[in-house]
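Novice: Chain by chain, the residues:
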Amino acid sequence: AQKVTQAQTEISVVEKEDVTLDCVYETRDTTYYLFWYKQPPSGELVFLIRRNSFDEQNEISGRYSWNFQKSTSSFNFTITASQVVDSAVYFCALSEAMGETSGSRLTFGEGTQLTVNP
Amino acid sequence: KAGVTQTPRYLIKTRGQQVTLSCSPISGHRSVSWYQQTPGQGLQFLFEYFSETQRNKGNFPGRFSGRQFSNSRSEMNVSTLELGDSALYLCASSQGLRYVAETQYFGPGTRLLVL
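If you read the protein sequences in the order shown, they are chains A and B. Counting in our numbering, the first sequence runs from 1460 upward without gaps. Counting in our numbering, the second sequence runs from 97 upward without gaps.
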């Protein structure tokens, strides 16, 4: 069975601080995909990144960066120079590669509520 | 391209009633998935439809059902509502490719309150 753990329930930082959101996953599959989504108060889940299990390169997109380490089954997300608009709940999710007849399904972590104070 | 749309956005029902929620995927997307989000259980997968067929199903009772139309629009139905069905129901769409886990794009959700 797949499992995603986000041990940090809530994080509060002051604007311009860097913050890292942790994500640890469990899967028996050798091919799988990891995702991060952002959920602002409006409720809609906003896609941030998708990474497959064969691509361990770290990625940077503006103030966002992701560190994927298969050895520790972690896919951590760092926001550099945080801003008030970054305040949201962030979800890490896992999906296995689907077969001929099965579809896609995401297994989500519990989410981390990030509050960035001015 | 327009995003995923869901109607209605808010709904209040009473126990025992049934409810139907609607989802229109991004144009060209053929896969629609449904998720339930509650404070206690978090985000849980309900089911996925592709080409009018249920392709994947989560661990929910039979009171939860869905269908997909030829234009890829999807509906989910919950019969005999219980208080615990109060939740944010999120719909997501993707192209429907096989052998990969595609990015799913989510709609704004339908917030259901059961009294």
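Warning: the hint list may mix true and false statements.
[Claimed, not checked] Lysine-lysine pairs mimicking BS3-like chemistry, simulated, CA-CA at most 25 Å apart:
#1 B/Lys97 / A/Lys1462
#2 A/Lys1497 / B/Lys109
#3 A/Lys1475 / A/Lys1497
#4 A/Lys1497 / A/Lys1462
[As the list claims (entries may be wrong)] Across the chosen pairs, the derived CB separations fall in these ranges:
#5 B/Arg169 / A/Glu1515: 33 to 43 Å
#6 B/Asn155 / A/Gln1528: 48 to 58 Å
#7 A/Ser1471 / B/Arg126: 37 to 47 Å
#8 B/Gln191 / A/Glu1515: 19 to 29 Å
#9 B/Leu211 / A/Gln1572: 21 to 31 Å
#10 B/Leu107 / A/Gln1572: 23 to 33 Å
#11 A/Ser1530 / B/Ser123: 19 to 29 Å
#12 B/Leu209 / A/Asp1477: 33 to 43 Å
#13 A/Glu1476 / B/Arg111: 27 to 37 Å
#14 A/Glu1515 / B/Gly99: 40 to 50 Å
#15 A/Ala1460 / B/Thr103: 13 to 23 Å
[Said to hold, decoys possible] Chain B residues, not near chain A, derived (Cβ > 10 Å throughout):
#16 Thr110
#17 Gln113
#18 Ser127
#19 Phe141
#20 Thr176
#21 Leu184
#22 Leu186
#23 Val196
#24 Thr199
#25 Gln200
#26 Leu211
For the record, the hints were derived by calculation from the structure and aren't laboratory data. Computed from a prediction, not measured in an experiment: that's the story for all the values here. In this text, a Cβ means the ideal position worked out from N, Cα and C, and glycines have one as well.
Novice: Hint by hint, say whether it matches the structure.
Specialist: Each hint, compared with the structure:
1. B/Lys97 / A/Lys1462: With Cα atoms ~33 Å apart, lysine 97 of chain B and lysine 1462 of chain A exceed 25 Å; violated.
2. A/Lys1497 / B/Lys109: 29 Å, violated
3. A/Lys1475 / A/Lys1497: 19 Å, holds
4. A/Lys1497 / A/Lys1462: 19 Å, holds
5. B/Arg169 / A/Glu1515: 33 to 43 Å: 39 Å, holds
6. B/Asn155 / A/Gln1528: 48 to 58 Å: 30 Å, violated
7. A/Ser1471 / B/Arg126: 37 to 47 Å: Roughly 42 Å apart at Cβ, these two residues keep to the hinted range, so it holds.
8. B/Gln191 / A/Glu1515: 19 to 29 Å: The hinted range 19 to 29 Å holds for glutamine 191 of chain B and glutamate 1515 of chain A, with Cβ atoms some 25 Å apart.
9. B/Leu211 / A/Gln1572: 21 to 31 Å: Because 27 Å falls inside the window, the suggested range holds.
10. B/Leu107 / A/Gln1572: 23 to 33 Å: 25 Å, holds
11. A/Ser1530 / B/Ser123: 19 to 29 Å: 41 Å, violated
12. B/Leu209 / A/Asp1477: 33 to 43 Å: 39 Å, holds
13. A/Glu1476 / B/Arg111: 27 to 37 Å: 46 Å, violated
14. A/Glu1515 / B/Gly99: 40 to 50 Å: 31 Å, violated
15. A/Ala1460 / B/Thr103: 13 to 23 Å: Roughly 34 Å apart at Cβ, these two residues miss the hinted range, so it is violated.
16. Thr110: 23 Å, holds
17. Gln113: 23 Å, holds
18. Ser127: 6 Å, violated
19. Phe141: 4 Å, violated
20. Thr176: 25 Å, holds
21. Leu184: With a cut-off of 10 Å, leucine 184 of chain B comes too close to chain A, as the shortest Cβ separation is near 6 Å.
22. Leu186: It is violated; leucine 186 of chain B is separated from chain A by about 6 Å at its closest Cβ, not greater than 10 Å.
23. Val196: 6 Å, violated
24. Thr199: Answer for threonine 199 of chain B: violated, closest chain A Cβ roughly 5 Å.
25. Gln200: Since the minimum Cβ distance to chain A is about 6 Å, glutamine 200 of chain B lies within 10 Å and the statement is violated.
26. Leu211: Non-interface label on leucine 211 of chain B holds, nearest chain A Cβ at 20 Å vs cutoff 10 Å.
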